[in-house]
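**Q** Spelled out, the chains give:
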Amino acid sequence: MIGEQDEAPGAEHEVADYDPRYPIVIEGLTNRFGTHAVHNELDLTVRRGEILGVVGGSGTGKSVLMRSIIGLQRPETGVIRVFGRDIVAAEPDEEIGVRSRWGVLFQGGALFSTLTVGENIEVPLKQFYPELDRELMHEIARFKTVMSGLPEEAASKYPSELSGGMKKRAGLARALALDPELLFLDEPTAGLDPIGAAKFDELTRNLTDTLGLTVFLITHDLDTLYAICDRIAVLADGKVIAVGTVPELLESEHPWIQEYFNGPRSRAAADSKQRSAENARRAIDNPPPGKA
Amino acid sequence: MAATMREWADFSLQGQGGDATVVVEGPLLVSTIGSLDRKLRTFDQPVQRIDLSAAAAVDTVGAWVILRFAREHGAEIVGASEQAQTLFAAVDGGDATAPINPPRPSAPYRVAEATGQLVVGWGHGVVRIVGFLGAIVVAMLGILRHPSRFRGRALVRQMELVGVSALGIVGLMSFLIGIVVAQQGAAQLRQFGAEIYTINLTGRLTMRELGVLMTAIMVAGRSGSAFAAQLGTMKLTEEIDAMRTIGVSPMEALIIPRILASVLMMPLLGFYSAVIGIIGGAAIADATLGIPFLTFLLRVREVVPTYDLWVGLIKAPVFGLIVALAGCYQGMQVEGNAEQVGLRTTLAVVQAIFMVIVLDAFFAIFFSEIGWE
Ligand SMILES: Nc1ncnc2c1ncn2[C@@H]1O[C@H](COP(=O)(O)OP(=O)(O)OP(=O)(O)O)[C@@H](O)[C@H]1O
Ligand SMILES: [Mg+2]
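Those sequence lines, one after another, are chains A and B.
Under our numbering, the first residue of the first sequence is numbered 1, with each subsequent residue one higher.
Under our numbering, the first residue of the second sequence is numbered 293, with each subsequent residue one higher.
Be careful, since some hints might not be right.
[As the list claims (entries may be wrong)] Computed beta-carbon distance windows for the label pairs:
no.	chain 1	residue 1	chain 2	residue 2	range
1	A	K126	B	E364	21 to 27 angstroms
2	B	A406	A	D237	57 to 63 angstroms
3	A	E153	B	E627	20 to 26 angstroms
4	A	R32	B	E452	31 to 37 angstroms
5	A	S272	B	Y401	52 to 58 angstroms
6	B	I538	A	S272	52 to 58 angstroms
7	B	V472	A	K126	49 to 55 angstroms
8	B	V540	A	E153	33 to 39 angstroms
9	B	E452	A	L72	32 to 38 angstroms
10	B	Q409	A	A89	47 to 53 angstroms
11	B	A348	A	V88	33 to 39 angstroms
12	B	P395	A	D86	30 to 36 angstroms
13	A	E153	B	Y401	38 to 44 angstroms
What the hints contain is simulated information worked out from the structure, not anything from laboratory work.
In this text, all values refer to a predicted model and were calculated from it rather than measured experimentally.
The C-beta atom is built at its ideal place from N, Cα and C for all residues, glycine as well.
Looking at chain B on its own, in the form it has when it is part of the complex (with noise of 0.2 angstroms):
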């Protein structure tokens, strides 16, 4: 680049012992000091003067090394221009000590403080969703008393957010997820000439399992990260203290109508995910395994018990939940930086699944439990 024609700043010896004198010649100048700065901070002999006639221009970076150099030697400055020394003025001041980067201690001790705040974070964190999920109930108590404060529209805007615009994708999703249980059970059955149980399988399978675990990650995905950044984003930019002071409460207006709008979608979203699941399943049986495709339908009515739907949806609600409270909790929590938005919108979406998915075994022995197999 033409960073190799530049010309720099460099310097010479003259005089020896008692009465050394360094003349410094060329520009004097951020862009050219690199090598003349490296240059002074190795020189270890005495020097009584530094000599500046040379030298062509100066800023304050140039300034600043010569003005350095000249206390680290006790050396007298000479030949300096009248703006040569307005600048060492400028730039003279503090004691230049203090530290750049953050305070970092040394890796044994982080790793010990890391572990230590995990474990810390890990109980605060338990104890402070605790909390939200009270807070929450409280303000949805008081919502209750005086109606007049809920927020009908933000509502209704976020089900359209979470649920409606959710359509399509949750829609492919299962119509391929049906269509891959069904042929995948279908090569397996076959070994027992068995194939007609794939429409058990399918059926029962996206009605009590697939269908409502996999909407609720893919509205953790969707919605739960959105509710973070969004939530994380209005933080730092003090939108949420602005709703505050003005008396707006952020609960009952970002928060409830984003908890409320999952819990309702995600039934919906649940059923209808196990509805397209069946109905892929139905189309590959009807492709590649002989069963008519009303027939697999009607066969579907016979085999699922009514439960399983139930199951789906007493399911879908509590995850629904989940998610959202994850997503408001974790944005709710950003504070600082720009980073902490990343940081905690990854923390929502991995949270979120992850408790869908251990709650998800609970409710699996609870069921087999109480009877409905």
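Here chain A stands alone, though its shape is the one from the complex (with noise of 0.2 angstroms):
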């Protein structure tokens, strides 16, 4: 990467003042279909190396924000700089330099149905680093399949004999080819059995923490937020209403936070991280007999 910056792709977007500890950085952002404000003047920033929740009832515009953001959605006004480039004034197809140091995972898997899930991670692999012996391309296809929590035949299935889960870790998968610095997630952990949607928290974590992966994460799923997230933006009335940790937005006022926060499956979801940290802390006080 150092050494690179010079000629780098995409030079001329880059901005004078780019502070590499707000990879995304986020102004005044409106889009709009027809007369339907989607976001409305939203301003939003990532810190380098954490994991944001991004939360909102269903049509707020958590999907629309996250193709802005990669740049598959031009925003009507706005500023949008990933990694101190200007996404806005790209082309949609155009070389950047910040594709290689992102991954996507689409709400549907979006995995490419001609090829198999082996084949859709190579993808990636293939297009930015083509002098990659084949056979490691094929061993890391098959270490991030596993990794991903899909069995290791799964590699040489296609996405139609895939469950609907499968094909989410699959999608998990492709946008964890590049090892990216920073990874889209829409509602990863949706249609996972529990013991699996925990797994997968757990990864996002390892990851983020061994890699120092940034992770803009949206989910409808509690335990998540909870269990892995170390700040959550609200999106609701076409802006991002709060950011903050869990404490921190108890303490907010709005109604809609506190319904979301203070509903039965929230107390339910926070009592059962507690419960699992009291187990964790007991089991080092009283150790299991035997095993000393």
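From these two lone chains plus the hints, build me the complex, please.
**A** Right under this line is the structure:
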């Protein structure tokens, strides 16, 4: 990466005052479909190395926000900078030097249907690092398949032969193919069994900690929010109405946030987190007999 | 490109024989590991230790390459950072032998298999398409018994798509064909001084053959392909399954309106095409042969027997049925992936045009046998 900066593609979209602590900066974003304004002067900053949970009711524009950040949706007005590159000014398919640094998991998986899972994972590798040995690419495809929680045999299956949850995992494996610095996940745990979802959370947290990933995570899964998110951004009325940790958000007066975090499901998720923490503490205090 | 400026990972060998250490240097990242991986693959000396203390950064791909090398040589990894150790644990899973590409048998076997599948596929295809036709007939009878299930709006919509919106292109095509037939016909007939027979040629040919045939080909390209692509996509996105579970029969809601629309619109389009073709012929005759426009049209009325019109009108619905049947059948056969939609759409058009031309030959013989020459 270093030494590449002078001639790097997309240099003309570079902004002068890029602060590496904030890989994503959004200012005054307005998105409109016809007369329906999805976002209205929305501001959001994502910090490096954090898992930012994005919540909001269905149809509040979480997926559209993600599509705007990765340059698939031209906003009406506003500034979006990813790694200091101006995304809005760039053409949708223009090479701007950030696509090898992010990985995206779409809400529907968006796997290439004519390729097997393994071949899907190899697509970004071939695109950005064609010098890699073919055998190494196969190996990468295999361990990413296993890493994202799929059985190894799934690597040679076509997307149409997978279950809904398996497609999600395969999508994650492809998103992780390049060990990206920035990971966009649109409802990654929706449609996973609870054990699988917990493993998924753990994997996301682990990767974030070891690789220093920054994760933009859209979710409706309260367990995920409590378990792994560093901060949570709440979308409502076309804006980010609050950003902060769970305790900080609980202070908020906004009725939607109150209802969200004080609903029965939220309390259950919070309890279970507390219980697992207590269990862990108890296990340390009184080790089971025979294992000392 | 900037790739030349990349700093690659590399290694050096320290110590010999029973105490060899591979010291890895540089960033062990997916972007920089390419050449190191290749060198390590061909490295075949005994190694006791792999020293990572000089490695800059590690990601999962770097961790994998080192871990694999360590396993192959039974070597011990030393000097790994805490981060690297977590990554070793993360990438270590499975025995890493599973295939990535779909199973692909050897070439001779593949040829034999493909041939066999083609033959069997043809056989099954014929049986299935007959079954499909049967299902359509049964569904139609059902609709006759319960007319309330008939989808009038869908039929009107399809008639608009198949017929009305095709008027422009079919008209233009027919006009040009009329011009070509009259002009070329005149050039040949002039040699016998029989230019006047250009009118017979143009009138009878467009009424009997060209009008309906060219229209069928155009409808196959326009609507047959659209049927296949649309139904195929709906199958892929499980829309058709969803309809079934709600109790809406795709046969009644999707297929019958399309088939009926084609069967009903083809005669109209075919006749329209023939008329425009004659007008095209009349126009060129007026311009280059010195036969006045109106004289041409009046003479057509005298030389074209009524049964020529019937020949066209009898063939047209049959061709419409074939085009719609091929489109709907192929669309409903789509399974699995997006490529299938393309393949099936191609098949629908090719089969429709082929069948139309074959049947047209049969019709030609049949009609001349019964004296409609
Ligand atoms: N291509 C489009 N054309 C028109 N409107 C759209 C389009 N895409 C999204 N919308 C509208 O934008 C709004 C936000 O959609 P979005 O998909 O971002 O919701 P979301 O917050 O992701 O919801 P969910 O949690 O259900 O996924 C919705 O009201 C939707 O109707
Ligand atoms: Mg969404």
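**Q** Take the hints in turn and mark each one as holding or not.
**A** Verification of the hints:
For K126(A) paired with E364(B), a C-beta distance near 25 angstroms keeps the hint of 21 to 27 angstroms intact. With their beta carbons about 59 angstroms apart, A406(B) and D237(A) fall inside the hinted range of 57 to 63 angstroms. The hinted range of 20 to 26 angstroms is satisfied by E153(A) and E627(B), whose Cβ atoms lie roughly 21 angstroms apart. At about 32 angstroms, the beta-carbon gap between R32(A) and E452(B) stays in the expected band of 31 to 37 angstroms.
The hint said 52 to 58 angstroms for the Cβ distance between S272(A) and Y401(B), and at roughly 55 angstroms that hint holds. The supplied range of 52 to 58 angstroms is broken by I538(B) and S272(A), whose beta-carbon atoms lie about 37 angstroms from each other. Under the hint 49 to 55 angstroms, the C-beta atoms of V472(B) and K126(A), about 50 angstroms apart, fit the expected range. Judged by the Cβ atoms, the range 33 to 39 angstroms given for V540(B) and E153(A) holds: they are separated by roughly 37 angstroms.
One distance hint, 32 to 38 angstroms for the beta-carbon pair E452(B) and L72(A), holds here, with the actual separation near 34 angstroms. A hinted range of 47 to 53 angstroms holds for the C-beta pair Q409(B) and A89(A), which are about 52 angstroms apart. A348(B) and V88(A) have their C-beta atoms about 34 angstroms apart, which keeps the hinted 33 to 39 angstroms range intact. Roughly 46 angstroms separates the CB atoms of P395(B) and D86(A), a value that falls outside the hinted 30 to 36 angstroms.
Range check, E153(A) to Y401(B): about 22 angstroms between beta-carbon atoms, so the 38 to 44 angstroms window is missed.
Going down the numbered hints, you'll see the structure goes against 6, 12 and 13, while the others check out.
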